[in-house]
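*Asks:* Each residue of the sequence shown is one higher than the one before, counting from 2 in the working numbering.
It is possible that part of the hints are untrue.
Claimed, not checked - Calculated pairs, EDC-like style, for lysine to aspartate or glutamate (alpha carbon to alpha carbon, straight line, at most 20 Å):
1. 181 - 223
2. 181 - 104
3. 46 - 182
4. 181 - 87
5. 46 - 106
6. 181 - 106
7. 46 - 104
8. 181 - 299
9. 46 - 57
10. 181 - 57
11. 181 - 215
12. 46 - 75
To be verified - Label pairs and their in silico Cβ distance ranges:
13. 309 - 334: 42 to 50 Å
14. 325 - 116: 21 to 29 Å
15. 188 - 135: 25 to 33 Å
Hints in this document: simulated from the structure, not taken from any laboratory. A virtual CB, placed ideally from N, CA and C, is assigned to each residue, including glycine.
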Amino acid sequence: MMKCGKATWLAATAIAAFAWGNVAQAQLPGVLYTWNGTGNIQQWKQNFGTNLGLLDNLTAGQLTIIETGPVTGEMSISDDANRRLESSTAGGGLDLTGLSSLEFDLGHSGANPVNVQFYVQASTGFNFVALGADVPVLPGTNTYSLPLAGLSYAQQAYIRTIGFTVRAHATDPPLVWGLKEVRSVGTPLTIRDLATHDLGTSDSGRQGAFVNFDNASVLGNDGGQNQTGLSQNVSGSGSLQWTDKGGGAGAAIAWGNGTVFNGNTFNERLTSLNGYQTVTYRMSAADVAGGGQGGAIDVQAYFQTGSGFTYQSPGTLSLPIDGAFHDLTFNISGMTDLQNVQISGVNLGAHASDAIINVDLIRYSAIPEPTALALAGLGSLAGLAIRRRTR
2 MMKCGKATWL
12 AATAIAAFAW
22 GNVAQAQLPG
32 VLYTWNGTGN
42 IQQWKQNFGT
52 NLGLLDNLTA
62 GQLTIIETGP
72 VTGEMSISDD
82 ANRRLESSTA
92 GGGLDLTGLS
102 SLEFDLGHSG
112 ANPVNVQFYV
122 QASTGFNFVA
132 LGADVPVLPG
142 TNTYSLPLAG
152 LSYAQQAYIR
162 TIGFTVRAHA
172 TDPPLVWGLK
182 EVRSVGTPLT
192 IRDLATHDLG
202 TSDSGRQGAF
212 VNFDNASVLG
222 NDGGQNQTGL
232 SQNVSGSGSL
242 QWTDKGGGAG
252 AAIAWGNGTV
262 FNGNTFNERL
272 TSLNGYQTVT
282 YRMSAADVAG
292 GGQGGAIDVQ
302 AYFQTGSGFT
312 YQSPGTLSLP
322 IDGAFHDLTF
332 NISGMTDLQN
342 VQISGVNLGA
352 HASDAIINVD
362 LIRYSAIPEP
372 TALALAGLGS
382 LAGLAIRRRT
392 R
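Turn these sequences into a full structure, and let the hints guide you.
*Replies:* Pasting the structure below:
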């Protein structure tokens, strides 16, 4: 099963991007914490270190950290592992895919520069990653920009804590630190391939996909919200495959951030998809009996967002049962809270006979798919199904 036409698709998308010029982009940078008002430290804390710090938000727009010593030790301050943003309490990992840096507006009350290490703890392994070399932080408030280039894709998609460590400063008395804002920075992506299911990708090619509901429709699923019944089709460059049983409701398959399932969905949530205009699922359906069943299966795209896992759908498209791959492109510009996506996926409709389903690609785009531009025009892009290649 060869994946054909990706380079052509990208070239056409670049042309469309030029034509659309001002279309909103993603992954969107923005403010993570700003301590608006008083009386709420937004779950920041001392992470480690023997130089003890007292945290408060008595000054509007500032997290204040008061050192109590000993200043011969270090003091590490960070957000909580289950807090991603000041604007959302939906717990999980912070997704900064495609962005280039973090900025801290930070300063202290001393007379001399003090070395500070900025860091994140990322991926399911909680890996500690320093954001570059130590930085001499000056008295007063200044902006410090720290690169994200040292993070792997899995780490950048799943950041559990953001923080900084004040190094020992024995020549200075205990200091008072002020952190006024933390924000993500960078040129947003215009295309994000959430999952390709290529050979060598995570979860033996399943890339975090799991059976979400209507589990009985997946041949081999044990009834749990897990990966049983899903496999990788290793033909060509690879795809996700399962047998969707006929005679009942079709299965609902979901993805998190495209990294790894690792036993439960928490390890791949949440995903930030705000700013994208479309999502394309490249899928095929084939009659298990090989009799050229014909007809089609309804495919509904969906998102579950926010702390309440709110279910949203941009619509339903038809997938022909012909063994060929088709691009099912959904306009997601009307979806809300896409900065806080718990999971997303496809929900198949009922069909009479067993069908082998393959998913070859999940692509988010900040501009409509090029063919959609020609067929739908500005402002009217709805779901669009396009045949891509034969299985």
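*Asks:* Run the distance test for residue 46 versus residue 75: straight-line Cα separation, threshold 20 Å.
*Replies:* holds, 14 Å
*Asks:* Sort out whether residue 104 lies within 20 Å of residue 181, counting only the CA atoms.
*Replies:* holds, 11 Å
*Asks:* Honestly, do residue 188 and residue 135 meet the 25 to 33 Å range at C-beta?
*Replies:* holds, 27 Å
*Asks:* Taking only the CA atoms, is the gap from residue 46 to residue 106 under or equal to 20 Å?
*Replies:* holds, 17 Å
*Asks:* For the pair supplied as a hint, residue 181 and residue 223, is the alpha-carbon distance within the 20 Å limit?
*Replies:* This hinted pair is violated, its Cα atoms lying about 50 Å apart.
*Asks:* Measure nothing beyond the straight line between the CA atoms of residue 181 and residue 215; if it is 20 Å or shorter, mark the hint as holding.
*Replies:* violated, 47 Å
*Asks:* Do the beta carbons of residue 309 and residue 334 sit within 42 to 50 Å of each other?
*Replies:* With a Cβ separation near 22 Å, residue 309 and residue 334 fall outside 42 to 50 Å, so the hint is violated.
*Asks:* Below or equal to 20 Å on CA atoms is what counts here, so check residue 46 against residue 182.
*Replies:* Between residue 46 and residue 182 the Cα gap is close to 15 Å, so the pair holds against 20 Å.
*Asks:* Measure nothing beyond the straight line between the CA atoms of residue 46 and residue 104; if it is 20 Å or shorter, mark the hint as holding.
*Replies:* The given pair, whose Cα atoms are some 19 Å apart, holds under the 20 Å limit.
*Asks:* Decide if the proposed pair is consistent with the structure: residue 46 and residue 57, CA atoms, cutoff 20 Å inclusive.
*Replies:* holds, 10 Å
*Asks:* Need the status of pair residue 181, residue 57: alpha-carbon distance at most 20 Å?
*Replies:* holds, 12 Å
*Asks:* Verify the CB-CB distance for residue 325 and residue 116 against the hinted window 21 to 29 Å.
*Replies:* violated, 60 Å
Hints 1, 8, 11, 13 and 14, counting from the list given before, are not met by this structure.
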